[in-house]
Structure formats: structure tokens, C-alpha cells
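Trainee: For reference, the chains in residue letters:
Protein chains: 2
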Amino acid sequence: MRFPRNASQSLSRSDMLLGRLNREALGRNEHFKDLAGNSCIMANKANVLIDGAWVASRGTATFRAVDPVTGEEIGDEFPVSPWEEIDLALAAATRADAIVRDWPAERFAKFLETYASAMEAHADRIVALAHQETALPISPRLRDVELPRAINQMKVAAECARGGGWALPVLDTKNNIRSCYRSIGPVFVLGPNNFPLAINSISGQDFAAAIAAGNPVIAKGHPSHPGTTRLFGELAAQAAETCGFPGGFVQLLYHLAPEEGLRMIQDARTASVAFTGSRQGGLKIKAAADACGKPSYLEMSSINPVFVLPGYLSQSSEQLANDFFGSCLMGSGQFCTNPGLIILPAGPEAELWVSEMTARFAASKCGPLFSAPVREHFLENIRRLASAGAEILTGGKACVGPGFHTESTLLRISADEFLKHPLEFQQEAFGNSSLLVTGSTEADMLRIADALEGQLTGCVYLTEQPADEQFYRDLEPILRRKVGRLLNNKMPTGVAVSPAMNHGGPYPATGHAGFTAVGLPASIRRFSMLQSYDNVPEHRLPPLLKTT
Amino acid sequence: MRFPRNASQSLSRSDMLLGRLNREALGRNEHFKDLAGNSCIMANKANVLIDGAWVASRGTATFRAVDPVTGEEIGDEFPVSPWEEIDLALAAATRADAIVRDWPAERFAKFLETYASAMEAHADRIVALAHQETALPISPRLRDVELPRAINQMKVAAECARGGGWALPVLDTKNNIRSCYRSIGPVFVLGPNNFPLAINSISGQDFAAAIAAGNPVIAKGHPSHPGTTRLFGELAAQAAETCGFPGGFVQLLYHLAPEEGLRMIQDARTASVAFTGSRQGGLKIKAAADACGKPSYLEMSSINPVFVLPGYLSQSSEQLANDFFGSCLMGSGQFCTNPGLIILPAGPEAELWVSEMTARFAASKCGPLFSAPVREHFLENIRRLASAGAEILTGGKACVGPGFHTESTLLRISADEFLKHPLEFQQEAFGNSSLLVTGSTEADMLRIADALEGQLTGCVYLTEQPADEQFYRDLEPILRRKVGRLLNNKMPTGVAVSPAMNHGGPYPATGHAGFTAVGLPASIRRFSMLQSYDNVPEHRLPPLLKTT
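As given, the protein sequences belong to chains W and D, one line each in that order.
Per this note's numbering, the first sequence starts with residue 1, numbered consecutively.
Per this note's numbering, the second sequence starts with residue 1, numbered consecutively.
Honestly, the hints are just simulated from the structure, not real lab data.
Some clues are possibly wrong.
Identical copies go unnamed one by one, so any copy, or any two together, can satisfy a pair.
The calculated lysine-lysine pairs, modelled on DSBU-like cross-linking and capped at a C-alpha distance of 30 Å, are [stated by the list, open to error]:
| no. | residue 1 | residue 2 |
| --- | --- | --- |
| 1 | K546 | K490 |
| 2 | K155 | K546 |
| 3 | K420 | K397 |
| 4 | K490 | K155 |
| 5 | K155 | K174 |
Between the sequences and the hints, there should be enough to build the whole structure, so can you do that?
Mentor: Printed below as a string of C-alpha cells:
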């Protein structure tokens, strides 16, 4: 976050006034003179989307996106919204909620589909902007994987909204008691840095689910890709208008001071909050929401352990190497489901595999991380793992040159050492790295599984040989309680938008092991409440609960 | 809670030793000499159920039940379990969990049915004991309503476990991703004072749901009816043994110091916690559980507002009077769903109705509350409402004589005054009372609905006259967001065990508006986690997810 001079407390009142006048006098991209008399070009200041209108932010602090490849600021200035602006958004969302809460599901479905079509129509612009702001590859990623996923999940959410099955309607006509899940009210969605399209606060999975349940959304984009977020906001606002929704139905802010975000969560007008991001941020949101009994859905952190059983390593070490290399370094490893902990059996085959992977990682290209803070955290976590006793096999440093490129990194620790301090070695290093745990006996593997914190995923690579199968029967019951998704012979990256997908898991991977962020229609239920109608006559029931 | 002399810190070490020896030398109901040489009869000290055995508690503090009619202690001494005992129970539950977690659903169903049959066979003893400990009527209540409900919900839970639909299995065979809800691990269930059978920690709705999901239960009975709880514990332990379950599958403690209960919740071996009781207690449990990201299901408090629309009052004031009188005073009003706030329209018909109800309440018999603390809290809350400005129309005092009898109480406040301090007038006074809000215009009613905290239920009494119907369309969308169950022309007491029942609601009525404590199979999902299986071959899948 960058604060312009007129927001600085060290400036005099006249300086501040001058700053303000300069700002007010400015058009888009005009030249102006700064306080020292130098001629400058000021970037456009983006508007926020409140109550159906793109309005100038009342905030004075601003920030800009940074190109991860060059490290240079790009695009417009984006505002940090102050409380008065958040307050306006909450008021508009409340008004919108009062208007739409009894609208038929069809209208929400129609909005999602209209928006999805607009995303298809503007695919090139979306992808180009996201590529510039995140350095994620256009192909194979933004153009052919992530955008299709974003569009698809919006269409599927529309179908689910229309079908109504997500709401689990129950009609006990004998007792005339009926129940279903229904909308809950304005949902505050905070998007992460790593999926600028499919988890974007105003185009992603939480947005689609919250809308499908019939709720207004106030989106807060991630500051690492504000331009992409604004473009989505424009498409969403147009779609909402086309479909006749009130202005407060979809709103967009780009950035908030953390304390204002927490205040917003605790505000009575916010019904629920969804967050994808760091554990540190998620825990603050959880504490704020918990303190006032507000439902929050948080996807916070995961190191996604991969257990390799001896039979598999003997038989298919090359397959494992390919799977792991691709999964760990794709997108510079910036995935919630990056395989961050590989538990290997003892023996020479494992040692050989470790050498092979070390060589491959060492020979791989540096990966651009999203931002300076992301790289800083990454390197800090690598240092922390190393100082706890992990050996850095390769990588662990920033790359020379512009941008936030970072070496592909492999670390190693023995099973014995891991088990001495299991929590220390479960620190997520978000980026292109993984920690190999070597020399694990079967007993060690069981103890490691038992010592795991809650995870999004857990993988086991094994054969159908009796030894592998037999050990799996011991390992699986322990591991499955620690993870939301259990995989066999497959890396955890690549979260299919399947109705059977669980992108969730026990704390601290998320805030509650009963909910998923992907996997429609289940993900919709997060943004709803269970409502029972007792002795309510047919004509006063919601459509889903009527018998005729 | 009563501490025997040997637990007192003021005693010398030799006194303590003597006390311990005395205790150890005792059989059941034997005479013994106290320290001063007096001959005494000591009540039996009940054993706790840990790891399949009824063992003497290591705790020194004890308590006894109190007959609410006479105010006198009755029955055996029951122990307050110290941490070392809780620790043993947690260890045994963990071992049991490791044994049963992959057992077929059929076995859990069989246990529930075996136990239900035992409850039927011992109905007379159960009912007699519960009547003595709670003063709840045998009929119409314990014998013909509550015990059948307890037995029925156990049988229905068994059917649900067997059917598996509660687990929402999803088989995406194309992608070979499958998901369902599965057991989560040992569940700690804390029962309330007001339903000694149907919500008892070892026989009630949470117990049945936790078992149906496949989890071990550590039950903590409510100290107001320990004898009833022990009897259930005996039947449950026998059923578990008959069905071949390990000892740690069902365990029973009678009482814990509050800080030990919170420690137990935060212990890593506790997977989840269910509580029905006061808001004060529930919030402490919630904070402890939230702090370590543990799922908790809390049914805490509710005043269950009833809105009376003018058309109904004109047409059916007698029906309303009968409904309200019965619902409010039944069981001395000690229901989670007691109608505690009646919002009446302005006008002479309402005034007449208030006079009529005042007369009926004044003429009604005193109701026995469960215990001295319950009565104390009740009277304190009535005083608090009165000092905030509510007029006591009738009642508000303890009755003369033994036991905890209390006057049927009606209070009144104007809509204007209510709206000035809406939170103060939403204090639950658990017992035989209700607060009438008089002189409400339609606008007032909407503002009152909007000012409500989260509730288990909300009722509207109305006709199909245009004025009532039209106003309902404004009131319903506001009210339904505040409640878990919305009723028309029906009082909220009487929670049918229907698959469409929601015994839940927004905070602070419960901890999360997405879950219900009654209503099978939905209530089972509370004690489970969502698990997805990705690329897992058929033979390693749980039965529910296999295609063959």
C-alpha cells in the first residue's frame, strides 16, 4: 500500500490542502507539478463500484499493481477505501438485499449466465491484464485453464441456483413442516493473490456461490491484480444492470486497511464472509467473525502432504518425479494445493530420487512470485525451515535481475528430525518449494500423519502390491481425518470443478471441515441459513417448498 | 456443587487421609463415623463410566440431585470428575475411535436400536427417576411425550445411519472424484437441565446424531438429574457391550469444573462439542472451541417472539389465549422454545386480551423450577426487565413453601419503550414468564422484528384477511432471517422430530444458522467432516462411495 503525500501525517496543513487541490484539479493522466515544482504524470485514480455507480473514492491512500516480471508499478492508481465508503456499500447492500431476497432463483441464475457470457466475450482483455499483473502464463493457465474454470463454475452455479437442490428442500406434508436453505444476506468476499480469475472476489468461486444462494456481494479485490478485478467489476455491474438488479447487489472495493476490513466483518449488515489467503489474515478474520457469531468461510493454508509408499517408488519413480516436478513448480508453486511436504521411505531408491529431483529443480527456471511481500515471506519461511534443521538441497534465494523471480527450492529433513518438531516443519512456504522428509519407516509415516495439522489435501502414492495395500489400511484412517481431499497416485494441484470436489478441510486449512469452497452445489450452502416453516400455509411458502 | 470435607483446603493432611480411608472403606450406604466420632449414613458415591467399566471417581468433590418440589437432596452422591479422569476418558475414546471408524453403518444403527429397546424396557424406572429429579409431570410429558421422543429419535437416527443419505454421497465417476460426510472423532456432549430424556447427554438428540455419524461420545450429564443420566448410562453401556463396541465408545461423566470442561474441549483428542444450555455457558464453550478451530454446536438461548396481527386478535383472541397459556406455562415454561415475547397490536382488543391473560396467569398454579439457581436466575431476570421499565402484570416472585415453585409471571412494555432499548428487553427469563409488547403499529412490528437477536423460532398469528396477508409480506422477510423456524398460528413449543424440523437459528440462539439439533438426518451432519476421494480406486473407497 502506498500513501500519497497528502495522507501523510508529517505534512503541514497547507501542504495537505495543496495536495488535495492538485488532486481535485486533475483530469485523467494529466501532468501536474509536485510540491517541489517537478513536473509529474499522475496515473488515473480508479473509481470504486458502489450502489450501481462507479464513483470517485473518498480515500486518500492509493496503491498500484506491480509487474512481477519487472518489479515496476503498472496501471492506474487504485484507492484504499475508508470507512465512510464501506459504510455506503453496506447500506446499499442492505437495500439491495431487501429487494432481491424473495426473487425467484431464475433471476440469480440469469445474472450469473449473463455475466459468464460477458467474461467469454472479453476473454482476451481479461487474460492479458491478468497476465501482466500476475505473470501467470497465458497458456497453459490463464487462457485455457483458469478462465474456462471461472466461466464454467459461474454457469454451473447458475444451474444449481435454478435447480434448487443445493437448498436440500424437505417437505414433511403430514406435519406441514418444511425446510430448506435460503439466502442469508450481504456477503463480503475477499479474494486471494493466486487465482486472479477463478477465485477473484468478483468473478470467482465464492462470488458465484454467494450469488447463487441469492445474496448481494461486496467484493474486495486482491491488491496484486486490481486492474483485472476492475474489469470483472465492469462486466459484473453491466450484467447486474441488464438483469434488473438493484445497484447494491454487486459492489467492488479494491483495498481496505485491515482494521476497516475487520470492522466491516463485525458490522451487523454483513451476513457472512469468505476469504482465501494467508493463515495470518484468515485467523484475524476468523477471530473477528467468531466474536460476533458470524459465519466465516476461510481457506487459509495447507502444505498438502504426499506419502510415497515403497512399492510405488520402486516401480514408478520416474512418474512420481514428473508428477511432482510439474505440480510443485507450475505457476511458481503459488497454489493452495501445492505439494509442500513429500514423505519418502528409507532406502537407496529414495536417495536416488532425491538426487534426481534436486538436479531437476536446480536446472529449472526461476519462477516469478506475485509480489515483493510474497517473495519476502517465501524466503523468510525457507530460512525458518533451514534454521529449524532442514537442509536446503537447492534454491532458497531470490534470482538476480528485475521482478520477483525466485529459485526453485527443495529442502530435506529426516523423518526423525521432523517428528521432533512436527509443527515447525509444517510452516507453509507459499511459492516454488517443497520439503522432502526422508528415511521414513512405516511407523514414522503413521506418526507423521498423526502429527499433521488440518490440510486441504493428502496424497498417497502406492501400488496394489500387498505391502503397500496393507500399510494403506493403517495410514488412510489417520490421514483422511487430517485432510479434506484424499488422493491416490495423483498430485493435489488441479482442483476439478466437480460436484464431488472438496476444497476444504480441517482447521487450520479452513475454519470448518464441513464446508467446501469448490464443489457445486455444496459450496453454495455456505452462504445460506437453514429455515423451517411450521404450519405455514402453501401460499406463504417459498417456491421450493410448495407442493403445487 | 458440594465439596466433602476431605476436599476442603482448610483440612490438615491427616484429616484428608482419614477422609480418604473412610471413603475407601465404605460399601454402599454403610454407616461410618465422621471425624468427630458421630455415626453417619453416607450416600453411595456413584461410579463414572470410563472405557467400558463403572469405576470409582478419582474426584473428591461431589454433588447430589435436589427434589424441586421439596428442595431436599435426594439419591446418591455423584462425583465431579477431575482432569486425570477426563484424560482417561479422552484416551479411551481415541482408542475406541481408531477401532470403530471404519465399521459399517449397520453396526452403529444396531447399537442405537438395541439401546432404544432397552429404554423401552426400562421406561417406568426412567420416568420415575426423571420425575423425582426434575418435577416434570409424568403425564402429559415424561411418559407419553419426552420418552417416546427420545426413543423415536434414536430409532430414526439408526435408520438414517443405515441409509447413509445424511452423508450426501456424490459419485463423479467420470472424473473418479467422490465425496461424502464421514465421522469426525470423539464428540463431547453436554446436556441441559430441561429435557432429562430427549436431550440428555447420553440418551438425547446430540448423542443419537453423534453416534449415527459413527463417533464415540463422552457424555457429561446435567447435575440436576444425575440419577436419570446414570440409568441411561447403564443401558447405553450394556447396549454397547452387547453390540461388541469397545469400552471407550460411550462414556459418562456427571460433572466437571467449568475450566476442566473448557480444557477438554480444547484437547486435541476432542473432535467436536455439542451443548444445550444457557447463553453464558454456551459463549464460554464457543470461545474455547473457536480459539482452536474446533466445530461446536450450541443451543444457547431464545425468547421466541410471537407477532399477533390485528385480524387474528379480532377473530380468534380466545384461541390465542389458550395457545399462549398452554405453551408458556407447560413444564413451568422451561423450554428453549418458550414464547417469551408477544408483540400485540394497538387497540382495545389487545388491552382486553392482556387483562384476560393477566387474570389467567394470576389464577394459575405456581410452577416448580428445576433448581435453586434456575429460580434465582429467573427472578433476577424478571427484576432486570422490571428495572428496565417493564411492568409486572402478575407474578414475579417465588412461592411460599418448599421447593423451587415460582409464580406464573407476565410483564408488559409498550412498543415505544421496547424499541428504545431492544436488547435489554430481549433478556431470556428461563421459566414460566413472558413479556407482552403492547401498542405496536405495523411500523413498530417491523422495527421490533428488525431489532431482534437471532432466535430459534418466530411465530406470526394472522388471518387470511387482506390486511394481515399484506402486512405478513413485509414482516416475513425480516423475521425469517432472525429465526430458524417460522410458525403461523401455532406456538413454538413442541419440537416435532420431523426431517423438516430446524431446531437451530442465527447467533446467539445457536453458534451457526446452518445447523439443526433436531431434524434427522440433517442433525447428524454436525458431527462429521466432508471428505473427497480423488482418483482412489474402488476397493479403497468407503462402502457409500463404491459403485458396485
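Trainee: Determine for every hint whether it applies to the structure shown.
Mentor: Evaluation of the provided hints:
Within a single copy, K546 and K490 get their C-alpha atoms only as close as 45 Å, which misses the 30 Å cut-off; across copies the closest is 19 Å, which meets it. Within a single copy, K155 and K546 get their C-alpha atoms as close as 26 Å, and across copies as close as 29 Å, so both meet the 30 Å cut-off. In this homomeric assembly, K420 and K397 come within 30 Å of each other (Cα to Cα) only inside a single copy, at 27 Å, whereas the closest approach across copies is 62 Å. With identical chains, the CA atoms of K490 and K155 are at most 30 Å apart within one copy only, with a shortest distance of 27 Å there and 41 Å across copies.
For the homomeric pair K155 and K174, the shortest alpha-carbon distance between copies (19 Å) is at most 30 Å, but the shortest distance inside one copy (36 Å) is not.
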